Amino acid sequence: MIEISNLHKSYKMGANKLHVLKGINLNVAEGELLSIMGSSGSGKSTLLNILGMLDEADEGSYVLDGVPIKNLNEKIAAKYRNKFLGFIFQSFNLIGYKTALDNVALPLYYQGHSRGERMDRAMSYLEKVGLADWAGHLPNELSGGQKQRVAIARALASDPKVLLADEPTGALDTKTSYEVMDLIQEINDEGRTILVVTHEHDIAQMTKRIVNLKDGLIIEDTVVSQVRALENV
Amino acid sequence: MFDLDRWEEIFETIRKNKLRTFLTGLSVASGIFILVILLGIGEGMRNGIAREFEQDASNLIFVFPGVTSKEYKGLNPGRRIQMKNEDYNQILRLYGDRLDKTASLYQNWGQVLNYGKESGSYAVHGSFPAYQELENMSLTAGRFIDINDLNNSEKTMVIGNRVKLDLFKDEDPIGKMVQVSGVNFKVVGVFTDPGGERDETRAVVPITTAQRAFGGANNIERLYLTLKPEESFDAAVAASTQFSTELEAFLKERHTVAPDDNSAIHINNYLENAKRFFTLMDMMRLFFWGVGICTIIAGVVGVSNIMLIIVKERTREIGIRKALGAQPLSIIGMILHESIFVTAIAGFLGLIFSLTLLEFVGPAIETQYIYNPTVNFTVAINTVVILVFAGALAGFFPAWRAARIKPIIALRDE
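Chains as they are written, first to last, in the working numbering: chain A, 1 to 233; chain B, 1001 to 1414.
Derived from the structure by calculation, the hints contain no laboratory data. Fair warning: this is a prediction, and the values are worked out from it, not measured in the lab. Check each hint, because a few of them may be wrong.
As the list claims (entries may be wrong) - FRET-style restraints, in silico, Cβ to Cβ:
| no. | chain 1 | residue 1 | chain 2 | residue 2 | range |
| --- | --- | --- | --- | --- | --- |
| 1 | A | Ser-39 | B | Leu-1329 | 56 to 62 Å |
| 2 | A | Gly-130 | B | Arg-1412 | 29 to 35 Å |
| 3 | A | Ser-5 | B | Trp-1400 | 33 to 39 Å |
| 4 | B | Trp-1400 | A | Leu-72 | 18 to 24 Å |
| 5 | B | Leu-1023 | A | Lys-161 | 45 to 51 Å |
| 6 | B | Phe-1022 | A | His-201 | 50 to 56 Å |
Where is the CB? At the ideal position from N, CA and C, for every residue including glycine.
Please build the complete structure, drawing on both the sequences and the hints.
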């Protein structure tokens, strides 16, 4: 599903050049649930941004579902993001003045679906995350866990190949974190590829494979036996 | 355009920021308001001046002599020019085919008019029947002097309304005798003059009678001439200017005046004056447009500024939308749509308000120089075009900026 090789990325910080990714090689198969770990500054967020086409690598190749991702202009990047990827953020990033339902329906709007279909599909995803009763509420009327579940429903709405989650539990307490991880595991069980960036070991243990990053290089790549989140709730 | 979601979003943002939207709209609405009012006043001034010139026959050429200021052919300067009946007759012979209405005038200032015990000092004008139209007098009673009065040197008299009020009070003056320097004149009519009271303290008698009764010999003081009508205003001005030049040359030669002596013969060409005023008016209208457009530009800059703030505020939202697959074009569309919507609504409100004001208050304005200020349909359409253009302009730069924001940076924005 994802094939990257020899990926480099550096940022200019004034006169200095900050080399963040120093040659990353990573293959992710379809249906994997993978966590990327590392301390802050290890380059894990940069890697995720490049995978999410929010940023572009300086060097190396990136193939997503057989499509080489390079020389993207804004327009094509937007199209690919919409078609291939779903994002889950630490700070949820819901649009404040839109209801839960409208937030979930937004990616479908950019896919060009009719209003009726958008609403139907958005509603079914809200049901899936257990928030059908909250469809008409604004984000600030929801708890943190509920917001993240709305965000997950939104990420799923466009039926993406890969879900990218950047510290999805970073702003949540332990119990809520596990509930969210349970939902992510459920989605993975249905066969969807998911990448989770985290620095929490217990969260990483709930995935199937852990990739450890340090100073812009992969230092460890292990398959783990998955801990089901539900057992810990 | 009929994208329901986009409309919904615009209403959403507007609802969230009522005051900001109101202030934005106000700057555009006031811009349009000022533009329309200025244009209305410009039109009103044009109408007012046009009406001023309508008062006297508007293509009137008016000749009166003065004193020479230059020595010419052995004649000393300081010589007073006196026109004679022959001047008038010669002009009719030479230029008759181009002239429409003509009159010469022999006038006596400060003649005492007596009727019974009442008396007063008035100007007595000896002239022709055409004098009525040339001076734009209208009769309230009786008739004006006619050609028979002239041919027979009848002692008939038409008096101004003021004279009638002074001498006759409520009495009907028609057929009554008024004595001037011992000569009895029969009153045949009463006139009013749009020029007002001053022009109504006059009495008009046949020129033949006046010259004979007041010792005027064959002297005349003034000439009133109008030319035959032309197709257009510009053609009329051209013909009138041409005629004035010829007439001046003719009179100067006849009275042995230096061709470059400007004080001996005065020719007052109303049409040329009118033309000058209309040119001035056109300049003023251009100026009003300029001021109006500048006001709108100020409004547009205000809207742009506010749209930039909106974009700044919504940076994160734009980042989210981009992460979810929004194309740059759809972001531009979203911002442009909002700014065009706000400026258009505000602009139309300004337009409607100003047009209503002109419609209801306009006719009530009764000053000498502003009359019936209106804005015509074409101007209203132009204003609308300017408006939509302004809205697009106000939205474009912020939208362009928004579309260029990188999602990764936008998402980091707190």
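Here is what the structure says about each hint:
no. : hint                               : verdict
1   : Ser-39/A x Leu-1329/B: 56 to 62 Å  : violated, 40 Å
2   : Gly-130/A x Arg-1412/B: 29 to 35 Å : holds, 30 Å
3   : Ser-5/A x Trp-1400/B: 33 to 39 Å   : holds, 37 Å
4   : Trp-1400/B x Leu-72/A: 18 to 24 Å  : holds, 20 Å
5   : Leu-1023/B x Lys-161/A: 45 to 51 Å : holds, 47 Å
6   : Phe-1022/B x His-201/A: 50 to 56 Å : holds, 54 Å
When each numbered hint is compared with the structure, a violation occurs for hint 1 only.
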